[in-house]
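S.K.: If you want the building blocks of each chain, they are given just below.
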Amino acid sequence: MLKASGIYKRYGREIVLRNAGLDLNSEIKALIGINGSGKSTFLKIIAGIVQAERGEVFINGKDMTRLPPEQRNVGYVPQYPALFQHLNVEKNILYGVRKNKKASKAVYEKVVEMLALSDILRKQPRELSGGYRSRVSLARALVPQPHILLMDEPLSGMDIVVRKKMLPDFRQVLKEFQIPVLYVTHDHEESELMADSFAVMDRGEIRSVVSAAEAFEIIQNSTLQTM
Amino acid sequence: MSRNVIHALFLPLFLLLIVFPILALVVNLDVEGIRKTMTDPFFWASVKNTVLAAALAAGMALVVAVGFAYYHLFHRQSLIYKLANLFNDLPIALPHTVAGLALLLAFGRKTMGFLGETGAAFTLFAVILAMFFVSYSMAARALISGVDQMEPEVIDVARTLGDNPVQAYFKVVLPLMGESLFSGFVLGFSRSISEFAAVIMFGGNLPARTQVLASYVFTKVEVGELDMAVTAAVFCVALSCLIVGALSVRRNRYAES
Numbered sequence: 001m002l003k004a005s006g007i008y009k010r011y012g013r014e015i016v017l018r019n020a021g022l023d024l025n026s027e028i029k030a031l032i033g034i035n036g037s038g039k040s041t042f043l044k045i046i047a048g049i050v051q052a053e054r055g056e057v058f059i060n061g062k063d064m065t066r067l068p069p070e071q072r073n074v075g076y077v078p079q080y081p082a083l084f085q086h087l088n089v090e091k092n093i094l095y096g097v098r099k100n101k102k103a104s105k106a107v108y109e110k111v112v113e114m115l116a117l118s119d120i121l122r123k124q125p126r127e128l129s130g131g132y133r134s135r136v137s138l139a140r141a142l143v144p145q146p147h148i149l150l151m152d153e154p155l156s157g158m159d160i161v162v163r164k165k166m167l168p169d170f171r172q173v174l175k176e177f178q179i180p181v182l183y184v185t186h187d188h189e190e191s192e193l194m195a196d197s198f199a200v201m202d203r204g205e206i207r208s209v210v211s212a213a214e215a216f217e218i219i220q221n222s223t224l225q226t227m
Numbered sequence: 001m002s003r004n005v006i007h008a009l010f011l012p013l014f015l016l017l018i019v020f021p022i023l024a025l026v027v028n029l030d031v032e033g034i035r036k037t038m039t040d041p042f043f044w045a046s047v048k049n050t051v052l053a054a055a056l057a058a059g060m061a062l063v064v065a066v067g068f069a070y071y072h073l074f075h076r077q078s079l080i081y082k083l084a085n086l087f088n089d090l091p092i093a094l095p096h097t098v099a100g101l102a103l104l105l106a107f108g109r110k111t112m113g114f115l116g117e118t119g120a121a122f123t124l125f126a127v128i129l130a131m132f133f134v135s136y137s138m139a140a141r142a143l144i145s146g147v148d149q150m151e152p153e154v155i156d157v158a159r160t161l162g163d164n165p166v167q168a169y170f171k172v173v174l175p176l177m178g179e180s181l182f183s184g185f186v187l188g189f190s191r192s193i194s195e196f197a198a199v200i201m202f203g204g205n206l207p208a209r210t211q212v213l214a215s216y217v218f219t220k221v222e223v224g225e226l227d228m229a230v231t232a233a234v235f236c237v238a239l240s241c242l243i244v245g246a247l248s249v250r251r252n253r254y255a256e257s
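The listed protein sequences correspond, in order, to chains V and R.
Residue 227 is where the first sequence ends in my numbering, and the numbering goes up by one at each step.
Residue 257 is where the second sequence ends in my numbering, and the numbering goes up by one at each step.
So that you can see chain V by itself, here it is in the shape it has in the complex (with noise of 0.2 Å):
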């Protein structure tokens, strides 16, 4: 699905992304990190928003390298909702609809029931609440059926009593499409309640691991070495 290797990336002199690499198959890989790990941009990285200095993206077997986003087909969920707040949530929602209208149409309206967002289809972006504006950022992410999803820190801004409700809504969505999902998360009950498998960002590398519990070992590690 997808296939990522020898990732580097720097701003400036600070080297973000040393060797970065990581494989994503049908599942939902939780890709932990401390803050200004190197997360986002390796997610960015993978859409396409930013460019790499070396190493390579392969998405479905498909060189995605030097492609810029609007050709890789893969969704993206930001940390904070960027709706487009000149449209309202229906029109959001279909905003990446471009081809495969009649799939989408019936991806469209799974993900509205889903998401319970039939009620607010009409609305504006700035009457939503934040967990409302969530759900149709990850709406208006999935309906175009992309190979893969990224999800950066998706639930962030909220407060942990919303997450936690909903993160099992968010992960029912995802498993019912089958799409594979990245989810960027330095939040050990956040990775552990969303996850399928775990993967660390440790010093602009990334690493398998079994368990949330493990990453955030290493991380504690690496953080002390380094102090």
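For the record, the hints were derived by calculation from the structure and aren't laboratory data.
A few of these clues could be false.
Computed list of lysine-lysine pairs in DSS-like fashion (alpha-carbon distance at most 27 Å, straight line) [claimed, not checked]:
hint, chain 1, residue 1, chain 2, residue 2
1, V, K123, V, K102
2, V, K164, V, K123
3, V, K62, V, K101
4, R, K171, V, K123
5, V, K110, V, K91
6, V, K102, V, K62
7, R, K171, V, K101
8, V, K123, V, K110
9, V, K123, V, K165
10, R, K171, V, K102
11, V, K99, R, K171
12, V, K175, V, K164
13, V, K175, V, K91
14, R, K171, V, K91
15, V, K165, V, K110
16, R, K171, V, K105
17, V, K175, V, K105
18, V, K175, V, K62
According to the in silico footprint, chain R covers these stretches of chain V (three or more CB under 8 Å from chain R) [said to hold, decoys possible]:
hint, stretch
19, 40-54
20, 90-100
Ideal Cβ positions, reconstructed from N, Cα and C, are used throughout, including at glycine.
Take the given structure of chain V and dock chain R to it, following the hints.
M.R.: Below, chain R without anything else, positioned relative to chain V:
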């Protein structure tokens, strides 16, 4: 101590150097001057020329600034952007007589002789070009500030949903920049109506044809009809207040929403 210095300096200097000259205009208004000016067809022609040329110049400035803001957003490393950026602020530092002379040489008799004896110079079109030259950077600044305030994630999402940079710009960025577009137009318009030097150098000061409010005031002072100059000047102040007022009402509404 420092606060007292600010108190002691700011208000007196502000009143003396900004408010007092405006008041001096208003108190020098007289009924005869108002009557003569309001019945002078050249005055109304200069009002029409000013508003029409400034609106068209501001519109043109906005169109070009929309293009520049696109490069600012998506192609900041390109040579086109770097060059345009270099020239962007030039009209602010350049004496506007120089701008007028440059326009005269660029679009005058030598290059545009086929348009007539003076090329494009000394026509209303020349007035518009002169106003555009000095107002473009205001519009560009307003749009760049709007673009810089946008959440980059909004554009990132539009790109992953299938938009190329041009589509994202027109479908997502510009519709969210209503406030900046409005500011860009109003700032360009107000800069245009205040322009004198470049307009007079390139557009001339032909009554009814290329005369604008700024050059009308100048002419009336020159021929000694001070009462009419004062009336026209107060008219300019009222027009400027109207523009500034519209801008601030709109900004307040935007801040509230």
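S.K.: None of the hints should be skipped; say for each whether it holds.
M.R.: Each hint, compared with the structure:
Between V:K123 and V:K102, the direct Cα distance comes to roughly 24 Å. Compliance with the 27 Å bound is thereby established for this hinted pair. For the given pair, V:K164 sits about 25 Å from V:K123 by alpha-carbon distance, which is consistent with the 27 Å threshold. A distance of roughly 23 Å separates the Cα atoms of V:K62 and V:K101; the hinted pair therefore holds under the 27 Å criterion. A threshold of 27 Å between alpha carbons decides the hint, and for R:K171 with V:K123 the separation of about 19 Å falls inside it, so the pair holds.
Taking the CA atoms of V:K110 and V:K91, the gap is near 16 Å; set against the 27 Å cutoff, the hint holds. For the hint pairing V:K102 with V:K62, the CA-to-CA distance comes to about 25 Å; that is within 27 Å, so the pair holds. For the hint linking R:K171 to V:K101, the alpha-carbon distance of about 20 Å falls within 27 Å, and the restraint holds. Taking the CA atoms of V:K123 and V:K110, the gap is near 19 Å; set against the 27 Å cutoff, the hint holds.
This hinted pair checks out: V:K123 and V:K165 have alpha carbons roughly 23 Å apart, not beyond 27 Å. With a C-alpha separation of about 23 Å, the suggested pair R:K171 and V:K102 falls inside the 27 Å cut-off, and the hint holds. Simply put, V:K99 and R:K171 have alpha-carbon atoms about 18 Å apart, close enough for the 27 Å limit, and the pair holds. About 17 Å separates the Cα atoms of V:K175 and V:K164, which keeps this hinted pair within 27 Å; it holds.
Between V:K175 and V:K91 the alpha-carbon distance is near 24 Å, which keeps this suggested pair within the 27 Å criterion. A threshold of 27 Å between alpha carbons decides the hint, and for R:K171 with V:K91 the separation of about 12 Å falls inside it, so the pair holds. For the suggested pair V:K165 and V:K110, the alpha carbons sit about 20 Å apart, so the restraint of at most 27 Å is met. Taking the CA atoms of R:K171 and V:K105, the gap is about 21 Å. The hint holds against a cut of 27 Å.
Proximity of V:K175 to V:K105 is assessed by CA-CA distance (about 19 Å); at most 27 Å being required, the pair is judged to hold. The hinted pair formed by V:K175 and V:K62 meets the criterion: a straight-line CA distance of about 24 Å does not exceed 27 Å. Residues of the stretch 40-54 of chain V lying with their CB closer than 8 Å to a CB of chain R number 4, which satisfies the three-residue condition for coverage. Residue count for the stretch 90-100 of chain V with a Cβ under 8 Å from a Cβ of chain R: 3. That meets the three needed, and the coverage hint holds.
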